[in-house]
Amino acid sequence: MSSRITIDPITRLEGHGKIEIFLDDSGEVSAAYFQVPELRGFESFCVGRQAEEMPNITNRICGVCPEAHHLAAIKGVDQAYGVQCLPAARRVRELIYNAFFVTDHTTHFYCLGGPDFIVGPDAPPSERNILGVIRKVGLDIGQQVIDCRKRNHHLIKQLGGRGVHLCGALPGGWSVPVTREQQAEFRAYAEENVAFASFSLKIFEEIVLKDPVYRELVLSDLYLHETHSMGTVDENMASNFYDGKIRIVDTLGQEVALYEPNNYLDHIAERVEPWSYLKFPYLKKFGWHGFVDGQGSGIYQATPLARLNVSDRLSTPLAQAEFERFYDTFGVRGKGGGGRNLPVHHRLATHWARLIELLHAAERMVELLDHPEICDPNVRQAVEPKAGIGVGSVEAPRGTLTHHYETDVRGVLTKVNMIVGTTNNNAPISLSIMKAAKGLIHGGKVTEGILNRVEMAFRLYDPCCSCATHALGKAPLELSLRRKSDGALLDRISRG
Amino acid sequence: MSEVVIGLGSPFLSDDSIGPRVVRALTGRVMPGVRLVEAHAGGLLLLEELDGAERAILVDALVDERRKPGEVLLCGVDATTRNASCGHDCTLAEALVIGRTMGMNLPPDEAITLVAVVAEDVSTFSEQLTPAVEAALGKVCETVCGVLLGQADYHKTL
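Chains as they are written, first to last, in numbering that gives the first Met the number 0: chain R, 0 to 495; chain S, 0 to 157.
FYI, nobody ran anything at the bench for these hints, they're computed from the structure. Treat the hints with care, since some could be wrong.
Unchecked claim - Listed below are the simulated DSBU-like cross-link pairs for lysine-lysine, each with C-alpha atoms no more than 35 Å apart in a straight line: (1) R:283 <-> R:385; (2) R:201 <-> R:244; (3) R:278 <-> S:138; (4) R:437 <-> R:278; (5) R:156 <-> S:138; (6) R:444 <-> R:209.
Unchecked claim - Label pairs and their computed distance ranges (CB to CB): (7) R:214 <-> S:77: 37 to 43 Å; (8) R:295 <-> S:130: 39 to 45 Å; (9) R:289 <-> S:104: 38 to 44 Å; (10) S:1 <-> R:27: 55 to 61 Å; (11) S:107 <-> R:295: 24 to 30 Å; (12) R:27 <-> S:51: 53 to 59 Å; (13) S:104 <-> R:295: 46 to 52 Å; (14) S:107 <-> R:194: 32 to 38 Å; (15) R:197 <-> S:1: 35 to 41 Å; (16) R:153 <-> S:109: 26 to 32 Å; (17) R:294 <-> S:100: 47 to 53 Å; (18) R:134 <-> S:67: 52 to 58 Å; (19) R:161 <-> S:109: 27 to 33 Å; (20) R:233 <-> S:100: 53 to 59 Å.
What the hints assert, rightly or not - Residues from chain S that face chain R, not an exhaustive set, calculated with beta carbons under 7 Å: (21) 9; (22) 10; (23) 11; (24) 39; (25) 101; (26) 119; (27) 122; (28) 124; (29) 144; (30) 147; (31) 150.
These numbers were taken from a predicted model, which means no experiment stands behind them. For every residue, glycine included, the Cβ atom is placed at its ideal position computed from N, Cα and C.
Produce the complete structure using the sequences and hints provided.
Okay, structure coming up:
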């Protein structure tokens with residue numbers, strides 16, 4: 000019997016993704032694929048428009064990370080128009096961006112990734128969600144999640160014009176400065192964020208790290224992949240979400256590239272596979288050798304875990320302490336070349352890395368709000384459109400996001416390209432699904448618990464398949480077992 | 000009564016823009032006090048838009064190959080489109096439970112209506128609706144007004 004298992008749509012994943020698992024005649028997994036829908040005509044939709052429209056177009060492509068697109072877009076416009084962002088405006092941009100990171104990472108941990116640990120990977124789907132987390136940890140945690148989102152969305156709305164799909168970016172600047180009253184208000188928010196992030200790390204320690212079963216799960220071979228890592232770093236080789244150079248370290252933690260974002264084409268190539276609309280980026284230095292990991296493979300990841308792996312340190316004190324504890328726990332702190340940490344390759348550790356980033360973003364907000372010139376009103380400048388090439392890059396919560404624009408003398412776009420965070424992780428996601436499926440599915444037997452453990456292999460990447468799905472219903476998860484020869488339905492598991 | 004009309008969808012993905020387009024078309028046509036909102040994501044974000052409303056209408060595109068593009072359906076929270084749920088956090092129904100548990104001032108399920116418009120194309124970047132959905136725009140606006148005036152009951156039309 001040659002069979003095909005389809006998980007479509009994936010629950011708790013932005014957009015309409017689909018997993019397909021192919022079984023051979025003996026019911027063993029022969030292949031597994033992660034697929035996303037095609038959105039058509041983006042370049043032709045954008046070419047011919049004024050470049051400065053892009054921040055307000057691209058931020059509505061995705062309902063999950065509009066802030067990332069908004070800021071990558073305006074950075075691309077800045078560069079194409081040959082203008083340096085004013086220092087005061089840069090601080091506003093970075094403040095908003097870190098507030099966004101706090102909301103996004105909070106949501107992922109408590110609504111998507113965390114339930115697998117807090118409620119349990121074998122719990123029924125009806126329990127394995129934020130409501131289950133509230134029942135397990137207490138009503139107060141739900142209130143804290145809601146409050147965290149509310150205060151940070153309020154900050155984004157005050158400074159960005161809208162709470163979600165903000166519109167504050169201007170070429171070379173920002174539309175409004177931070178007022179003295181706002182500084183005090185937002186400073187209090189940032190302190191609350193730091194406390195909430197510390198509390199979240201405590202929960203992770205108590206519920207995951209101190210539980211031998213979960214600890215074994217995190218350390219198991221099932222969720223282990225040795226790939227290279229990509230992330231943005233500042234001049235001190237510390238992770239920075241808003242700006243810096245792109246650093247890539249190999250599977251042994253050795254730096255293999257450090258480049259300005261506009262040189263990305265010198266380092267990254269894209270593989271096209273006939274079964275997927277989404278391309279598979281890989282490192283040119285190593286080349287494409289198929290869906291394999293290891294030092295010789297060109298496959299890399301761009302995730303919270305990757306961002307820690309490429310960093311020598313974090314720039315804020317509490318996050319730095321957690322960073323050290325993280326690598327100590329895996330026994331690899333300072334064990335790499337030049338005293339660097341060896342990379343952590345256990346993919347479920349990405350959830351922990353995400354919480355460390357949550358703390359880092361919260362602390363960075365405090366730093367920015369304590370800057371003596373945070374209320375500097377000089378956030379706008381006159382900018383003339385011009386011909387140029389601009390590559391804007393930020394670290395989206397789910398990976399390095401790159402916008403590439405080319406303009407004519409009127410500032411009209413002549414070329415547009417984007418590499419989004421999830422695209423960077425397309426190949427490692429497929430690797431992870433394949434490994435989990437092969438390790439868990441035998442003899443054609445699939446249960447709810449097995450299905451969820453396969454899902455966990457990609458949920459940790461926090462992938463965003465972009466935009467909306469529209470079918471009626473509560474986003475059920477359906478697994479179909481089909482005979483490959485004629486597509487006949489042999490079995491089906493559904494939920495939702 | 001505090002009422003909100005939420006147009007869900009991306010304004011740049013052809014028929015997915017029907018929600019925002021309806022909200023824009025209703026500007027100035029609904030009673031003062033009816034809040035009009037464009038939203039591009041569901042789940043907890045919708046919760047934040049629903050806070051304080053006693054009645055809510057969501058307008059969204061629906062992909063259903065069994066129906067003709069432009070067809071209009073009314074349904075409730077128990078059968079909302081996946082646009083109304085956010086893959087990054089939770090469904091609208093879950094968000095409502097969370098919000099009520101947290102003491103938010105949310106409309107009851109029976110006061111939330113989804114106006115779903117069958118779409119032909121939601122995956123091509125365009126600011127234009129397909130002809131059948133464009134032709135339905137007026138009817139969708141009338142339907143929303145009818146629900147606001149209490150002249151339509153989704154239980155009878157689902």
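Distance restraint hint 39 to 45 Å, applied to the beta-carbon atoms of residue 295 of chain R and residue 130 of chain S: At 53 Å between Cβs, range violated.
Does residue 101 of chain S hold up as a contact with chain R if the rule is Cβ-Cβ below 7 Å? holds, 5 Å
Just tell me: holds or violated, for the beta carbon distance of residue 161 of chain R and residue 109 of chain S against 27 to 33 Å? holds, 30 Å
Satisfaction of hint between residue 138 of chain S and residue 278 of chain R, Cα-Cα up to 35 Å: violated, 41 Å
Do the beta carbons of residue 1 of chain S and residue 27 of chain R sit within 55 to 61 Å of each other? holds, 58 Å
Whether the CB-CB distance between residue 134 of chain R and residue 67 of chain S falls inside 52 to 58 Å: This hint is violated: roughly 43 Å between Cβ atoms.
Looking only at beta-carbon atoms, does the pair residue 294 of chain R, residue 100 of chain S fall within the given range of 47 to 53 Å? holds, 49 Å
Let's test the interface hint: is any C-beta of chain R closer than 7 Å to that of residue 9 of chain S? Holds, because the Cβ-Cβ distance from residue 9 of chain S to chain R comes to roughly 5 Å (cut-off 7 Å).
Does the interface hint hold: is residue 144 of chain S within less than 7 Å of chain R, judged Cβ to Cβ? violated, 23 Å
Satisfaction of the residue 10 of chain S interface hint, Cβ to chain R closer than 7 Å: Holds, about 6 Å.
Under the criterion of a CB-CB separation shorter than 7 Å, is residue 124 of chain S in contact with chain R as hinted? With Cβ-Cβ at 4 Å, under 7 Å, it holds.
Consistency of beta-carbon spacing, residue 1 of chain S to residue 197 of chain R, with hint 35 to 41 Å: Since the Cβ atoms of residue 197 of chain R and residue 1 of chain S sit about 38 Å apart, the hinted range of 35 to 41 Å holds.
Of the numbered hints listed earlier, those contradicted by the structure are 3, 8, 9, 11, 13, 18, 20, 26, 29, 30, 31.
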